[in-house]
Each structure stands twice: as C-alpha cells, then as structure tokens.
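Given the structure of chain A, go ahead and fit chain B onto it with the hints provided.
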Amino acid sequence: MRNLLITVLLILIGLSAIAFWLKPGVPTDGKTRITYLTPITVARTLQVDTFQKLNPDVLVNKQSGYKWAELTTLSKVIIQCSTGVGPDLFDAEGLQQLQSYVEAGLASDITEDAKAGGFSLENMWPGMEKVLFYNGKQYAYPATTGTNILLYNKNVFDQFGVPYPKSGMTWEECFDLAARVTDTHKDRGHVVYGLFNVNWSDFFTSMHGEYFSADGTRILLNSDTLKKAFQLHRELRFKRGITPTDLIAKNLSASGGDINNASNYNLFANGQFAMYLLGNFSTTYFREVHEVQTKLLNDWLKDPKHDPQKKPPVVRIGSVMIPHFDGLQPGYRLSTRAVVVNSKSKNRQGALKYLQYLSGPTYCGLVVRVNDMLPPNPKYATYHSEPTAEDLSEREMFQNTVDSMKYAYMPVRSPFLLMAELTRIIADKVGLLENNPNLKVEDLLNEAQRAAEEQMQTTLDRNPDLKAKYESLTGTPDVFKAHGHVK
Amino acid sequence: MKSENKHLKIALLFLAPNLLGFLCFTLLPVLISLGGSFTTWSLKASVPLKFIGLHNYEILFKDRNFYFYFFNTLYLMLAAPISIAGSLFLAVILSQKLRFQRYNLNRILAIVSALFSILLSAVVWRSGSPNAACLLLLLGLVSSFGMLFTSISYRGFFYVPHFAAGVATVILWRQMYNPNYGIINQFLESMYHWIGVHGPIPGWLTSTKSLLGFMKLPGSQSNGTFGIGARESIMIMSIWAGIGGNNLLLYLAGISNIPPELYEAGDIDGCSTWQRFRYITWPQLAPTTFFISVMAIIGGLQGGFEQARLMTEGGPAGTTTTLSYYIYLQGFERLDLGYGSAVAWVLFIMIFGVTLLNWKYGQGDSH
Chain A
1 MRNLLITVLL
11 ILIGLSAIAF
21 WLKPGVPTDG
31 KTRITYLTPI
41 TVARTLQVDT
51 FQKLNPDVLV
61 NKQSGYKWAE
71 LTTLSKVIIQ
81 CSTGVGPDLF
91 DAEGLQQLQS
101 YVEAGLASDI
111 TEDAKAGGFS
121 LENMWPGMEK
131 VLFYNGKQYA
141 YPATTGTNIL
151 LYNKNVFDQF
161 GVPYPKSGMT
171 WEECFDLAAR
181 VTDTHKDRGH
191 VVYGLFNVNW
201 SDFFTSMHGE
211 YFSADGTRIL
221 LNSDTLKKAF
231 QLHRELRFKR
241 GITPTDLIAK
251 NLSASGGDIN
261 NASNYNLFAN
271 GQFAMYLLGN
281 FSTTYFREVH
291 EVQTKLLNDW
301 LKDPKHDPQK
311 KPPVVRIGSV
321 MIPHFDGLQP
331 GYRLSTRAVV
341 VNSKSKNRQG
351 ALKYLQYLSG
361 PTYCGLVVRV
371 NDMLPPNPKY
381 ATYHSEPTAE
391 DLSEREMFQN
401 TVDSMKYAYM
411 PVRSPFLLMA
421 ELTRIIADKV
431 GLLENNPNLK
441 VEDLLNEAQR
451 AAEEQMQTTL
461 DRNPDLKAKY
471 ESLTGTPDVF
481 KAHGHVK
Chain B
1001 MKSENKHLKI
1011 ALLFLAPNLL
1021 GFLCFTLLPV
1031 LISLGGSFTT
1041 WSLKASVPLK
1051 FIGLHNYEIL
1061 FKDRNFYFYF
1071 FNTLYLMLAA
1081 PISIAGSLFL
1091 AVILSQKLRF
1101 QRYNLNRILA
1111 IVSALFSILL
1121 SAVVWRSGSP
1131 NAACLLLLLG
1141 LVSSFGMLFT
1151 SISYRGFFYV
1161 PHFAAGVATV
1171 ILWRQMYNPN
1181 YGIINQFLES
1191 MYHWIGVHGP
1201 IPGWLTSTKS
1211 LLGFMKLPGS
1221 QSNGTFGIGA
1231 RESIMIMSIW
1241 AGIGGNNLLL
1251 YLAGISNIPP
1261 ELYEAGDIDG
1271 CSTWQRFRYI
1281 TWPQLAPTTF
1291 FISVMAIIGG
1301 LQGGFEQARL
1311 MTEGGPAGTT
1321 TTLSYYIYLQ
1331 GFERLDLGYG
1341 SAVAWVLFIM
1351 IFGVTLLNWK
1361 YGQGDSH
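Sequence order for the protein chains is A and B. Quick note: the first sequence uses the numbering used here, first residue 1, plus one each step. Quick note: the second sequence uses the numbering used here, first residue 1001, plus one each step.
The shape of chain A in the complex, shown without the other chains (with noise of 0.2 Å):
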C-alpha cells in the first residue's frame, strides 16, 4: 500500500513538474497585450479589430461581459479585479456601476493622461463630468453615450389607421395614441399593445426627478416625483392596459422572422409592439431582422400558391424624441458604456492608449457607420453613412437622439450612498408593484426610504471622515434627524 501511495504521489509531482514545464511564458514580440471586458457584438468586434489595425504593438484579448450593465456584473468584476485577476479595461454603466468601481478603488484616476492623450472633458458630450468624474478626477472614458428615442412600427398604425407619432408630443397625447392602437384581444391573431419599454425612470426623468438632494445628503425617494413615477408605472400596466407587465411581455411570442428567440424587438418588428423606447444601438439588431423578414416576403412572393392573408410582415420604422409633461422641458436619461481602466493593470499604457483611440475619428466613424449609440467626442457625431435599409430611417434615428442629448441629464449621485444599493432597493419595490397593484405606492416608497436612509447612516458609520462631512453639510451625523425623523 505505502508503496503504491509513493508511487501516486512521484507520478503527481511529476505531472506537476511537466505542467510547469508546458506552461507559456512571457511573450518576447514586444507587445503590449491588455484584455477587455466588454460584450462581444459585431459593433465591437469591428472596433476592437480597428484598433488592432492602427496598434499593432497592443493585442487586445476581448472577454465576454455579458449583461455589462446589470448589479450581477459589478460585484463579479470587482471580485475579479480585487483578487488580481481582473481584465485591464472594462465596460462600466455610468450611474450605478462607476460610482462602486472608483469606490472600491478599481477604477484608475485618468485625468492627467486624458488631458496629455485628449480625451479629457472638452473631447465629452456637455452633461459627462457628472457621469465620469468624482470628486474633480476622471475615471472613465464613454465607449458609447445617448439617450432612449421613442421608435415607432409604421405598420401598425397604418393598420390602425392612426396617425404617426409626432415629435414634440406630451406624454398625454403618447398615450392616447398607444391606446388607440392596442388591440389585447387577439382579433388580429396577436396582441398588439400600444407602447413598450416604458417604466417608471422615464417618468421620474422626465420630471428631472432627482434621487437624493444637491448636496447628496438627503434621500429623496417618498418624493411627490417618484410617487407620481410609480402611480404611472402601475397605471399603464394594469389600468390603461396599454404597457405588458413584464410577465405578460414575457409571455408573449413573436412568429415570423424569429432571431435571439423571440426577444422584444422581434416582437417589435412583427407588430406586437406599436411603439418602443430604445436607444438608437437596436438598429444593428433591428437590421438582421428587416434582412430576415425580406427574405420571407420574397419566398412568399415566389411561391405561387401563397396565401394572401398570410403576407409576412417588413418591419418599416420611425422615430420622434422621447415625449414630455405638459409644461415641463423635456428630460432624458442620459446613458453611457464608460470604458474603465483597471487601477491594477499591468498594462495601463496599453489600455490608456485604447481609450485615446475612442475619442478618435476612426472609432466615432464607427459608431455612427454601425448606429452604436452616439460617438464619445461631439465633434464626430456627423451623419454620412448609407442607410442599410430606407425602412428603418437610420438617419432619423441618429438625427434624435443627437437632438435628444440637448434634454439629457445624469441624476445627482451621493458620496453618502452608493446608487448600486439604491438600485436595489427600487428594484425590489418595482418588483412588488408589479405583482400587486393593490400595494399603496406611498408604502412602498416610504419603505423604500426607510431602508436607503437605515443603509446611508451604516455607510457613514463606518467612515469617520464621510460622517464629518455629512455633519458639516447637514449639522447632524444622525441621518434620520437630518432627514426630518423624530426619534
């Protein structure tokens, strides 16, 4: 026995001495290899590979960031980033997710090499230092930056026989118009609702709601902003019947031209949807689908014992800008793919040079070429490309949502607060709303409160520096007093 486990253990160590001995080592060509985390889409392989074109010297190793936007990423590059073993740049969502990232200290202060290298503020979009500053340093670079437009199926209100959306409309007059063309009872052989993708933070943007004060001291969730937010979430949803609850759209499905099962802009492009709230980027996806849904209605054409009432659909879009409140100015979302450098990379040079190439021509060429939302530098944000295809008015796209960044705003973040843990905590009344109507929204949010304000006191808590700073501003350590609470 001793000598059969002598034997495991001599093979073992040998194995173990081969693995070394297999094991790459350092490359001697030169080059600076940097990996990025970023979601892998046509869009971005064409942008990365350009890069590679012009950087020869830096080899760029594209890690797959699924759902970048989304709390499940943020804690998982920051394990990565924190145990070593993070990529050197990463994509970051600009409200929730940069804030946590510079937090954790993750996130490399950039201002002195964006201002050498010219991707500093004056090559941004107005509105961007609040996205990509904190505390006066630069933290990020956008890869991409805009806000949603309001994208309209021509197909169905010609059905309908409803006018087009105009821009400039209320939010009011949104809604007529999507009742007029929802149709939830099959009579046309599938639901059609009238609007789509429309939530509760389009309303609270487009009453430039605010979640906490200017100061970042005090949480503003039970505000009359919010409440009114809520109560037109649920309204649209099971009141007015015009918006699906996010079960039903889940339930729905779409027939024809079917790409990335049956997802939302299928259901869109098949008329399910009459109008849609999304960024201008769907048009890459929106372009598969049109090219699909030709194909068919030419086999169709063929086919000489086709059935006419079955002439499959082509999707024709438009686009207005996102509606507002009567008498209010408009407001948007401003949203932003920033692209982070990691304070620990051993390749900064490598990836700072990356994010030189984002504020370039080249790279703004090609987001306008592909329809990526809009070019990080303002100066390249000019339309030239032929549209793919006339049905979906790229142009018209690109034109709003360029005219759209005029409205756009990011929310006051809090040094008290982090916004991922807000987040969570609106998600989760969201999430209740959803499947009770019957809940009072004023709960809700007053619950809602409670817990940011029970998470903000813990934060200050633990940072003596933080809670002086707050007690400067508010003449209270105590978050509950500060926030009107008798004890």
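Honestly, the hints are just simulated from the structure, not real lab data. Don't take every hint at face value.
[What the hints assert, rightly or not] These stretches of chain A come out as covered by chain B in the derived footprint (C-beta under 8 Å, 3 or more residues):
id, stretch
1, 77 to 89
2, 95 to 109
3, 416 to 424
4, 455 to 462
Glycine is no exception: its CB is placed at the ideal position from the N, C-alpha and C atoms.
Frame of chain A, contents of chain B only:
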C-alpha cells in the same frame, strides 16, 4: 516505537498537501472573517480599517433585511422534508425486486418496451413534436434498461442529475421556467389548448406570489398574493434534485443493512406491506434519517446561493435572497466585508446551534 514514528512521519507527509491547503484556504480565511466581523473591513478604499467591537452584530440584529432573508432561507428549507420523504419512498421501491424478474420475463419486456417507445416516438415525431418524441424515446429506453438490468439501473438513472454540475442544473431549470419559451409553460399552454380552456400561466421565477400569500405578513415581507412564485419554483427544483441524490444512496445503503431475518419474522407474523415499513424499515433507518435530516438542515441554512445568483439575482423583490446570497451582496455589492462576515458568523452560530440541538434531542430517537 521507532517504526511508529516512521509511520507517523510518512502519514504526515501524505497528509501535508491536504492539511496545508486546509490551513491556507479554509482555516485562515475563516479566522480572518471572524476578525473582520469586528472591524469596518471594507472594499471601499476610503473606509479605514478599525476595530468596532460588536457594532456589526448590533446593526445586524436591527436589520430588517436580515430577518426577511432568514425567513426566505427557512421557507426554502420546507422543501427538505418532502425531498427526504421522496428519497425514502424511492429507496424502498428501488430496493425491492421487480415483479417480472421472478418469472424471467425481463428480456421480453425490455425488448417490447424498447420497440414500443421507438414506434411511439416516431409517430409523435412525424406529427410535428420532435422534443416530445425524444422525451418519449428516452423514457422508453430507461424503462427497457431497468427491465433488462434490474432495478440497479434505475438507481443509476436517478443519480444521473448529480453527475451534472450544480450550476449547469440551475441554468437548465432557469430555461425551463422561462415564462416565454420555457418548456414548462409551453407544456401548460399546450394542455390548456388541448382541453380548450384559458388557464393561468405561472410567472415562476418572475413572481412574488407565495403559498403563504393568504397570511398577513409584516410590511417588509409584503409579497403579493397566494400562488406559486419564485420561492416555490426554487423549492420544486430542490425537491427534484434532492430525491434522486445522495439521500437516495444513503437510504439504499441503510436498507441493504437491515437484517433479512426481521422481515422474515414479520412475514411469519403476517405483517402487511405498510406494517413491514412502519415497524421494521422505518425504525431501522432512523440513524440514516437522522443523519440526512441534520445534513439537510445544515445545507438548507447555507443554501440558496447558486439559485439566487444564477436564476433570480435574489429577486423578484428580494424573495429569493437567502442569507448566503446576502453575505455575498454585502461583501461585493455594498463592498462591506466586515458586515458580510458578521452575517456569515451569525449563520454559522445558527447552524452550529441547530446541529447541537439535533444531536442532543435527535440521537435518542434514532436508536
């Protein structure tokens, strides 16, 4: 004496890799987390590391989320007794000789079953349901194997899900529960269509409904209405995974250790099948049941992480966040490792306490 020392040295040499691994990767982190739970340990660079005594624990006992997630953890544990009972039931069946084996009919039946399933699945395939055809073929082949190679092959089949990694199983169930294209809702829709009714389509992982929805729960646990929601969906998955798993193996081993004389004596006394189980099998399996129960409680209190991380992200509305996932959220989303460690240690104390109670009051009965 010299020989003993030599043996000890050799034993230590062989134990060393494992022991070193345990010390570096288990004991040391555990001790660090214990120390960390008394500090402000944070991933935030701006938070200084400071000893704060029991402050984390004080916050924890006032934390409503902690109680809600503890409630979720206990709720999900309700699947354990069903799963254990299922394992026992299955073990009793699988430990018996199949009736047809007594007459050497197994080969004929196996061939008939295989041919019938191939024929039936071909018909179903032709009628336009390839998925259902594959399922039928698989079931037919499994039963044929069982007939041919006795119940041992069934035991193997029931254990098959355990060969798959937990993550893969969780992802598989997430797809099955998808309200849009998941196989479960597709099946339900087909059934409704076939019967000609408009029945409810559950939201599964997207729903906050609960079987306790009829009860008035505290405000922080307000959860919608009565029905099957995300928690129940996870419980169904746990029952499926638990029935044919290690518990089944333990019960099978336990049953095989029961002296046959006891059954023979029972037969002489004219015991019915139920009486054989109630007065022989069940008491003889008491130590096994005790062990399985203890492990289920420990596993249940620690459980829910994979499901929350991969299926629901803890939602909807936090209904599937368990204490283990809460620890993760505290550490890597709120960046507060100190507080996360405190939650982990409270969880440990609970598990330890429950296990002690089990040992104290459970062992007597099991003997």
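Checked hints:
1. 77 to 89: holds (count 3)
2. 95 to 109: holds (count 4)
3. 416 to 424: holds (count 4)
4. 455 to 462: holds (count 4)
The structure is consistent with each of the numbered hints, conforming to all of them.
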